[in-house]
Amino acid sequence: KAGVTQTPRYLIKTRGQQVTLSCSPISGHRSVSWYQQTPGQGLQFLFEYFSETQRNKGNFPGRFSGRQFSNSRSEMNVSTLELGDSALYLCASSLGAGQWDTQYFGPGTRLTVL
Amino acid sequence: DQQVKQNSPSLSVQEGRISILNCDYTNSMFDYFLWYKKYPAEGPTFLISISSIKDKNEDGRFTVFLNKSAKHLSLHIVPSQPGDSAVYFCAASVRDSNTGKLIFGQGTTLQVKP
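From first to last, the protein sequence lines stand for chains A and B. Residues in the first sequence are numbered from 1 upward in steps of one, following my numbering. Residues in the second sequence are numbered from 115 upward in steps of one, following my numbering.
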């Protein structure tokens, strides 16, 4: 069974630009969560989607948004990039919502904002 | 407001000895706690969890202890092996909430020396 895939793996953008990251969950998984990892803050929850609906959102500004498609694939978008948005963005999928002990993470997308 | 804290950024242990990783939380509503392990260039993987109705959960070499009155949990690895060298994240959630999110600590880097 294929794991969680994230594209692209690496991305370099400049301040003010916008970026879209993609996550393909494990086949059959309907929940996708997104996290931001930075050295000082650790892993921070961005949002969780289940059956195309955003179930919850972390404490991030409105520049961070996401969506989930009918095939459970998910995208997250960051508009008006800031230097502080440089981070590893991880997505994770699970069969159902809130099933944290059975969520599988992708390898992440490393975003660098110059 | 960091609701889940791992106050030790790093820990070094000799192979065969016990590793103890600590985690503190502030939100008394949390009722489900998890530990994840992360190797470089990979996403985190689930290690072990504990519900607030228990004070201990074991899985092979890994044991998690929960002290609800102190709002503290710890992960014990016995015996430690070089392959355990990784970043360990603790996380907490309100399990039965329809809007639950997973809150992570900042992580502790464990180095197990041969």
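Bear in mind the hints are in silico, worked out from the structure with no lab data behind them. Because the structure is a prediction, the values reported are computed rather than measured. Check the hints yourself; a few may be wrong.
To be verified - Using 25 Å as the maximum straight-line C-alpha spacing, the simulated PhoX-like pairs for lysine-lysine come out as follows:
| id | chain 1 | residue 1 | chain 2 | residue 2 |
| --- | --- | --- | --- | --- |
| 1 | B | Lys168 | B | Lys151 |
| 2 | B | Lys182 | B | Lys168 |
| 3 | B | Lys151 | A | Lys57 |
| 4 | B | Lys182 | B | Lys170 |
| 5 | B | Lys182 | B | Lys227 |
| 6 | B | Lys119 | A | Lys57 |
Claimed, not checked - Footprint (simulated), chain B over chain A, 3 or more residues, beta carbon under 8 Å:
| id | segment |
| --- | --- |
| 7 | 37-44 |
| 8 | 91-102 |
All C-beta atoms, glycine included, are put in the ideal place defined by N, C-alpha and C.
Cross-check of the supplied hints:
no.: 1; hint: B:Lys168 to B:Lys151; result: 22 Å, holds
no.: 2; hint: B:Lys182 to B:Lys168; result: 9 Å, holds
no.: 3; hint: B:Lys151 to A:Lys57; result: 24 Å, holds
no.: 4; hint: B:Lys182 to B:Lys170; result: 11 Å, holds
no.: 5; hint: B:Lys182 to B:Lys227; result: 32 Å, violated
no.: 6; hint: B:Lys119 to A:Lys57; result: 20 Å, holds
no.: 7; hint: 37-44; result: holds (count 5)
no.: 8; hint: 91-102; result: holds (count 5)
The structure fails hint 5 only (numbered hints given earlier).
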